[in-house]
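Engineer: If you want the building blocks of each chain, they are given just below.
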Amino acid sequence: MDTGGEPTDAARALADVDAIRRRVVNVVGHALRTPVTTVAGMAAALESATDDDTRSMLIAGLSRNADRVESLLDELLVAAGVSTALPVGEPERVAVEPIVRDTWQSLEGPDGLAVDAPAAPFVRARAFERIVRMILDNALKYGDGNVAVRAEAIANGVRLEVESSGPVPSDEELAHACELLYRGEQAVMTSPGLGIGLAVARELARAEGGDVTLGRRGDNVVATVDLPG
Amino acid sequence: MSDDGSSELIRVVIADDEPDVRMLLRIQLQHEGFEIAGEAIDGHAAIEECTTAKPHVVVLDLLMPRLNGFEAIPKLRRQCPEVAIIAYTAVAGDFVRKEMARLRIPLLLKSGNVNALAAQIRELALRSA
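Chains C and D are the protein sequences, given in the same order.
Once you know that position 165 of the first sequence is 165 in the numbering used here, the rest is easy, because the numbers rise by one and skip nothing.
Once you know that position 85 of the second sequence is 314 in the numbering used here, the rest is easy, because the numbers rise by one and skip nothing.
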């Protein structure tokens with residue numbers, strides 16, 4: 001209906017969708033460009049490499065970056081709610097502490113990680129590993145390195161809390177932190193991180209029958225993961 | 230600075246938070262005949278490396294944790310004014326392009342082919358000779 005020159009609701013909705021589409025393409029392009037160009041560069045460098053050490057480093061690098069592209073694509077699909085990208089396998093009782101400590105080490109987290117995790121969720125192990133990785137990576141990226149992990153039995157399952165100190169986001173940022181691509185476009189273009197980690201963790205947790213939320217406790221940020229137990 | 234091999238080697242610091250990017254650039258730039266004077270994983274380390282190693286050029290990633298490339302540039306210009314800066318990034322939208330143009334810093338997109346980066350390094354080193 002012509003409203004005398006003002007945009008209609010439909011026109012606004014289309015403009016919103018277009019803005020989201022551009023943003024997704026921009027962010028996905030950004031995420032994939034580095035590992036793809038690294039693969040291309042390493043393949044070219046391999047042709048002219050003459051010593052065995054260099055060749056070994058490049059071959060290992062090719063494999064790592066190819067894996068990284070595959071993981072990024074999987075994460076983007078999971079974050080977008082595409083169920084075919086979810087991990088396969090049967091749920092099992094999963095020990096929390098070894099997974100948390102191994103993940104922390106692989107992320108090169110500082111010494112001093114506190115873990116108190118007697119409860120074991122009943123989930124697909126691969127999904128749980130990815131959830132833990134996303135949450136710890138987020139805590140490392142945005143916190144000051146002081147992280148404590150707790151897992152306790154609750155009424156309907158297991159609650160995993162990852163508490164970290166450091167700059168605390170605003171209430172609005174906390175409320176939207178698990179949304180896909182929440183980080184503003186300028187933030188994405190000026191600092192690392194795409195804004196998909198917590199969204200991926202949440203989709204993975206929901207696929208297991210749980211959820212992920214982000215909140216504050218005093219001056220700390222707490223990521224809470226509720227899972228079946 | 231000439232390319233006839235008899236002149237001083239062009240010294241480069243690589244600043245990127247991705248280990249594989251640093252490794253690849255090290256191999257590619259050494260193959261091009263440059264000396265890698267140092268490597269840095271964030272803006273703070275880039276400033277330290279440039280201050281101690283005094284390279285001709287720093288290849289500076291823009292998206293790095295703790296201190297990113299944008300934040301490092303003014304500090305580099307104050308503390309190491311003789312070091313030329315090349316911004317080397319995966320994606321450059323309007324904001325990045327305008328900012329680098331304003332700062333008069335050459336901006337190159339990351340690529341598997343190092344030729345453009347090598348040419349830019351030589352040009353900047355020649356200017357400062």
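Treat the hints with caution; some may be incorrect.
Stated by the list, open to error - Computed, partial: chain C to chain D, Cβ under 10 angstroms:
1. Thr38
2. Ala40
3. Ala44
4. Leu113
Claimed, not checked - Listed next, with one range per pair, are the computed distances between beta-carbon atoms:
5. D:Glu311 <-> C:Arg12: 19 to 27 angstroms
6. C:Asn146 <-> D:Leu338: 32 to 40 angstroms
7. D:Ser357 <-> C:Ala15: 30 to 38 angstroms
8. D:Asn344 <-> C:Pro228: 50 to 58 angstroms
9. D:Pro303 <-> C:Glu152: 43 to 51 angstroms
10. D:Arg295 <-> C:Ile154: 41 to 49 angstroms
11. D:Arg295 <-> C:Ala175: 23 to 31 angstroms
12. C:Asp102 <-> D:Ser357: 44 to 52 angstroms
13. D:His273 <-> C:Glu173: 22 to 30 angstroms
Hints were generated in silico from the structure; no laboratory data involved.
We put the beta carbon where it would ideally sit given N, CA and C, even for glycine.
Engineer: All hints, please: hold or fail.
Structural biologist: Now for the hints, and whether the structure bears them out:
1. The restraint placing C:Thr38 at the interface with chain D holds, with a minimum CB-CB distance near 5 angstroms, inside the 10 angstroms limit.
2. About 3 angstroms separates the beta-carbon of C:Ala40 from the nearest beta-carbon of chain D, less than 10 angstroms, and the hint is met.
3. The closest approach between the C-beta of C:Ala44 and any C-beta of chain D is roughly 6 angstroms, which is under the 10 angstroms cut-off, so the hint is satisfied.
4. Because the beta carbon of C:Leu113 sits about 19 angstroms from the nearest beta carbon in chain D, more than 10 angstroms, this interface hint is broken.
5. Between D:Glu311 and C:Arg12, the C-beta spacing of about 53 angstroms breaks the proposed range 19 to 27 angstroms.
6. A hinted range of 32 to 40 angstroms holds for the C-beta pair C:Asn146 and D:Leu338, which are about 37 angstroms apart.
7. Checked against the hint of 30 to 38 angstroms, the pair D:Ser357 and C:Ala15 fails, with Cβ atoms roughly 48 angstroms apart.
8. Between D:Asn344 and C:Pro228 the Cβ separation comes to about 54 angstroms, which falls inside the hinted range of 50 to 58 angstroms.
9. Range check, D:Pro303 to C:Glu152: Cβ separation about 48 angstroms, and the 43 to 51 angstroms hint holds.
10. At about 36 angstroms, the beta-carbon gap between D:Arg295 and C:Ile154 misses the expected band of 41 to 49 angstroms.
11. Separated by about 26 angstroms at the C-beta atoms, D:Arg295 and C:Ala175 satisfy the suggested range of 23 to 31 angstroms.
12. Separated by about 48 angstroms at the C-beta atoms, C:Asp102 and D:Ser357 satisfy the suggested range of 44 to 52 angstroms.
13. In this structure, D:His273 and C:Glu173 meet the distance hint of 22 to 30 angstroms, their C-beta atoms being roughly 25 angstroms apart.
Checked against the numbered hints above, the structure breaks hints 4, 5, 7 and 10 and satisfies the rest.
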